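S.K.: Sequence:
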Amino acid sequence: MKKIDIGSTKRNKILVIYLLIELLLMIFWGIFIFWLIKMDLIWNPLQFWFIFSILIILIIIPAYFFSKSLIILIKNVKLKEKITFSKPYLAVSALIFIFIISLSFLAFFYYFFPSASVFYREDDGPYLIWNDNPETTITIIWLTKNPSQTELEYGRDPNDMETYKDSFNVNQHIVPLTELKSGTKYYYKIPGFSEETYWFKTAPEGSENFNFSAISDTHAAYSDSKYDKVIGAMEGYDYEFIVHAGDAMGGAGGNLPEWHTFFETMTEHAATHPYMIALGNHEYSGDLFGRNFKYFFPYDYEEDWGHYYSFDYSNAHFVMIDVFQNQLDWGGFITEAQEAWLRRDLE
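Its first residue numbered 659, the sequence shown is counted upward by one per residue in our numbering.
Just so you know, these hints were derived from the structure itself, not from any lab. It should be emphasised that the depicted structure is a prediction, and the values quoted were computed from it without experimental measurement. Hints are not guaranteed to be accurate.
[Claimed, not checked] Computed list of lysine-lysine pairs in DSS-like fashion (alpha-carbon distance at most 27 Å, straight line): (1) 952 / 803; (2) 952 / 859; (3) 859 / 847; (4) 823 / 803; (5) 884 / 823; (6) 887 / 859; (7) 839 / 823; (8) 847 / 803; (9) 859 / 839.
Let the hints inform the model, and build the full structure from the sequences given.
M.R.: Following this line, the structure appears as structure tokens:
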């Protein structure tokens, strides 16, 4: 087998550093995997064994050979001798290094910008939103810790309801109900998720006077948060839906436990009244491109990476704009594309 002469002591030192970094990255990746398991983010036994098998390959086996190589290299550095390695060994080592670098980058990315679609595992909801005509449609959403099938019962009579069912196992359950009757009260239940019977009302046909609740800066999970008091103050008032002007989070949209705190309180009203929220700077913070906000609130946004939309209710038109779309200049204005959309929307 052809040998490659590493050459000088300096090159030996570089290779020692290279292998040390490789080992550290593999150890970091292993710790990250076990952190996922500890945080109950990898819960399925099949997932565990799959990840564990990868862990064995990525850490234990390479670590054994790299440790032997390190011992040889360190000895040669001290003795200031030249050392040779086979070309296949160096090629495989380089490939493993690139692979570990890629995985580590992904691990760091998900640590600093955790994606709710990947890591959020809580039982939250249900809550309502609109993505179409409020007179004839409603969208019901709930989240489950463990993947499960989507099943919902609904109807105008709580004792006589039809069933919506989807056979896919998912953590986020989205049920768009269409062809509903305007100005009508409906009931719904979520078998296997809650024993409670919820309700909602469709918007009346034509133009009628109506009430809605407007709130903002609830800052869920802040130690001095007034969110509970705000939600409590809404009791006793008659309103059709809720408009939230942003800053639902106390810290950052990338802080997934804060979303759970937010949902625990908001579900009290959002299970029966559609929740239409605008994106605030707290939701953008720590959440690259507002992915988590869009995951939890899948409105009919105007464009893929923007967070602006509009809806009608009776004789009124509501517009939710996104002043944080350009994250290079932290808020305060809208992009040209959003301005053009807004002008068209208001015509």
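S.K.: Against this structure, judge whether each hint is valid.
M.R.: Verification of the hints:
1. 952 / 803: 19 Å, holds
2. 952 / 859: With Cα atoms ~25 Å apart, residue 952 and residue 859 stay inside 27 Å; holds.
3. 859 / 847: 15 Å, holds
4. 823 / 803: 19 Å, holds
5. 884 / 823: 38 Å, violated
6. 887 / 859: Distance ~25 Å between residue 887 and residue 859 Cα, so the pair holds.
7. 839 / 823: 21 Å, holds
8. 847 / 803: Holds, at about 18 Å.
9. 859 / 839: 10 Å, holds
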